[in-house]
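Position chain B with the ligand against the provided structure of chain A, taking the given hints into account.
Residue numbers (the working numbering), protein chains in the order written: chain A, 1 to 266; chain B, 267 to 658.
Keep in mind that a hint or two might mislead.
[As the list claims (entries may be wrong)] The list that follows gives simulated cross-link-like pairs (lysine to aspartate or glutamate, EDC-like), each with its CA atoms no further than 16 Å apart:
hint, chain 1, residue 1, chain 2, residue 2
1, B, LYS291, A, ASP216
2, B, LYS371, B, GLU450
3, B, LYS291, A, ASP35
4, A, LYS259, A, ASP216
5, A, LYS72, B, GLU557
6, A, LYS89, A, ASP35
7, B, LYS371, B, ASP295
8, B, LYS626, B, ASP644
9, B, LYS411, B, GLU423
10, B, LYS432, B, GLU335
11, B, LYS626, B, GLU423
12, B, LYS273, A, GLU67
13, B, LYS411, B, ASP644
14, B, LYS432, A, GLU67
15, A, LYS113, A, GLU67
Because the hints were derived from the structure by calculation, they are not lab data.
Please read all numbers here as calculations on a predicted model, not as lab measurements.
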Amino acid sequence: MSNNFTFLNTSDRAVLSVFLTAGYPNNAACGELLDLLATHPAVSFVELGMPFSDPLADGPTIQRASEVALSKGTTLNDVFSLAERFRSKCEKPLMLMGYCNPVYRRGVETFVKDARSAGASGLILPDLPYESHHRDFASVLDSTGLSMAFLVSPTSTEEAMAKAFDTSTAFVYGVANVGLTGDAQSMDRGAFFHRIQPYRFQSPLVAGFGISTPSDVAGLDGLVDGVIVGSAFLRALGSVDESALNVEEVVNRANEFLKPFNPVVK
Amino acid sequence: MHHPIIKHGYYGEFGGQFIPEMLRKNFIDLEAAFNEAWGDSKFQRAYSNLLRDFVGRPTPLQKAERWSERCGVEVWFKREDLAHTGAHKINNAMGQVLLALRMGKRRIIAETGAGQHGVATATACAWAGLPCTVFMGAEDMERQKPNVERMRLLGAEVRSAQTGSKTLKDATNEAMRYWIAHPEDTHYIIGSAVGPHPYPMMVADFHRVIGEETKATLEGLGLQPTHLVACLGGGSNALGLFLPYLDDETELVGVEAGGEGLDSGRTAATIERGSPGILHGAKTMILQDSEGQIEEAHSISAGLDYPGIGPLHSHLAATGRLQTAAISDGEALEAGLLCTRLEGILPALETAHALAWTLKADWSGHEMVVLNLSGRGDKDLQMYTSRRGHNE
Ligand SMILES: Cc1ncc(COP(=O)(O)O)c(C=O)c1O
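Just chain B, same shape as in the assembly:
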């Protein structure tokens, strides 16, 4: 593959393909097809045109004046909430649908947590005229209802995952199982930079436009950020922003969902609280017990409620390139509400974790921060309004 950081599907000691033989050929085909497409200028042109005309890219890079004042440091928002469907997830969905069409696949499946990736994939499939099935944990269907309705309006079938914790982890299991049973005609659009190689790098590549636009804009202004900040679910919005900066001095900060607190046993802070293990086909940091059983993650934000993380993030954290922090449910809600009042932007609860970290961090005042405003918070209205009611 074209990334110097990858060796035989591994990022340092993390990554790999821990998949049953029934899926092996799919991964061989996928890696070959992606490498070939990514190196093909025709594919690149088609993808860029779609990002411009359909997704609405480039997204703005906005200096957030009142937020900066509140934090005591200069903060810029990369406005992925303004991308079509309201989150960064659409970049990856469009890229993978183009790839699926090129591979002659006739059906798309996806897993979703917050429903943003599900909506993005359902949207991409409507655009492409491909049938789409989205697997979603039963609990997530309950707490992200508006997105379930959106997916159905777009023509997707939403299947509820009833096993385990009934959240993103279980939806991912169901999607992989469906793929095992339908290997020939189906493409699986995984929604974050997780899973077996080549997914982590492929998903990151389809999001690197976030960082590339940021870098181009700032270089045009003669600016160099000192910090890049993003929330970490599986890690796709973070890597999208970080990738073009990996070899720079810029500090990379990934904000995990602390849930009810790092020591509460109800957390989704995988790097902060996890250990190396194997989940969804990759070796990475995971939440597990002493028997190697995967533990349930807990976060108020369905998009961060996952007991794993991308293997590249595990590698970057292990080598010290990526700094991590955890933000609790309550801190995220408050930061999201504050951002709405100060900036007129209602952020996704996922994004609110990154926002909360910029409020809390120790700044000298000379730094310059770019925060990935990964999505808008309409889907989280209920959670925000009940918190506000509780505050008043």
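So that you can see chain A by itself, here it is in the shape it has in the complex:
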């Protein structure tokens, strides 16, 4: 099976990926942010969050971003348009990340085909069980060439770790925290990522949840192939007050945020 992420295995240092919520702080600004990420040399790939009303695994920052995006009327079609825009600017992999219900609501096969034609590379659905993946997703993903990333966390059993590497066709998403996206660090990351090493097999390993600074990234060098920065990126964008929202300003802030990451990643 083709894997857009094999390049991760060949780089020596952990590459940087950025998560942002589609439609946040509004649709226009999100489009500009994607343009920035598409061309930014520090960013190797992108996760585009599909806003959901009840984001169980997300901390306050991404919850709030989803709420704002939904209040501005962001739909799945908007998500796909943003993906298309990103794809028209670059070849970097683009993952769509979200929750199961909106995907099932559209219909799995339709969703996957729409995502593929919008130029998405793969999916991350943290609340999708393996059985449902096998039954509802595996064959349509296979035939469209879209990949899937499963999560491992500090509470994962050995069996679950092996399964994640067996099943993931994009990369394995290592949850670098006991907690939610954006939570302050609550664990010994190094120990957890050391524990994963014996299970590594084919799929690259990418760390996310609570990673916010270049030194967080440096601390994982040699243990993971990539890191995902989400909440910290969204926080850096600043106020979302519509009256004060200045797209240029938002993009500048994003640029500032990414600057110190330059020397860390490949």
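Just chain B with the ligand now, kept in the frame of chain A:
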């Protein structure tokens, strides 16, 4: 699991475990611990003794003479309002606290809507000497103030959920998030027969004593009910009554909160108006829009104000075993006031929905109805008194 109705955590096409990996191990451990405890006669004995000595079970099964006369059919009340803390919720809270102690958990969390489950859990935790945090929607804290105060007196911390509709759905999200961040030492006592497997069946099992007592009493009298009626929030009081009757001929009626009306867009009638989807880790009937975003539920009764329902109820409704109906805010208030005058029982607004249905239904007069009088209405005093003022 021991229930023939469950296959791999599914009840027909409903149920499952749609949870992030961070919670997976908690559910593996919980299912194993519950199965082991439920099959252990020592656990069963400890639980039964608690239900007798602390909760005050068995609760009475009372023939409601004047209510029957008004409805034109024989109606019996299963008096869960007389259980300690004033609602059925305590059965589940005591069972799960016993389980948490057995699992060596050191902290309890819960979500609550009307506050009855929060009060029950805070009570169980005071009894067990465990610290307790209850998540409650900011709007519900406002409309169920007495229960907030009760929880605090019992030593629980009440945290307000400020997201979304600020009601039960959002309190449940917050509780699950807390559990993701504290997976090792904490047990989450979910308050209804909802959520990922094994919660729906476990909660139902801790309530099946309601139906078992009913069945034993009626069989002792040589009686067989034709109808069992209960209100549906998440569905725990209903399943508690229904479970021992699933294989009988008895008709099962679940009464949903119609809110301002089924077509008003302000309703909590999940089975009547919803569609299959995934909420709080289970596939079940939910209120959602065309994009798969969860819609806000609306009911005057905080305990029914939830855009989901237990997956087993979805299955029973889809297969025709469970009949559903919806009762509006106004109908529920009137039925609650009427019951207070006719029977001397001030019912919870949740329960009042079930009562209203017995007033409205078409009876031949030969039926025999058992209604789960799931809780008392002290917490709803303000709502009832303002309705009465409005009527006069
Ligand atoms: C008295 C009473 N009845 C019914 C309910 C609804 O819950 P369930 O459907 O789980 O019984 C509640 C919920 O708070 C309640 O307090």
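Cross-check of the supplied hints:
| no. | hint | in the structure |
| --- | --- | --- |
| 1 | B:LYS291 to A:ASP216 | 27 Å, violated |
| 2 | B:LYS371 to B:GLU450 | 8 Å, holds |
| 3 | B:LYS291 to A:ASP35 | 40 Å, violated |
| 4 | A:LYS259 to A:ASP216 | 15 Å, holds |
| 5 | A:LYS72 to B:GLU557 | 14 Å, holds |
| 6 | A:LYS89 to A:ASP35 | 7 Å, holds |
| 7 | B:LYS371 to B:ASP295 | 12 Å, holds |
| 8 | B:LYS626 to B:ASP644 | 25 Å, violated |
| 9 | B:LYS411 to B:GLU423 | 14 Å, holds |
| 10 | B:LYS432 to B:GLU335 | 41 Å, violated |
| 11 | B:LYS626 to B:GLU423 | 41 Å, violated |
| 12 | B:LYS273 to A:GLU67 | 36 Å, violated |
| 13 | B:LYS411 to B:ASP644 | 11 Å, holds |
| 14 | B:LYS432 to A:GLU67 | 13 Å, holds |
| 15 | A:LYS113 to A:GLU67 | 26 Å, violated |
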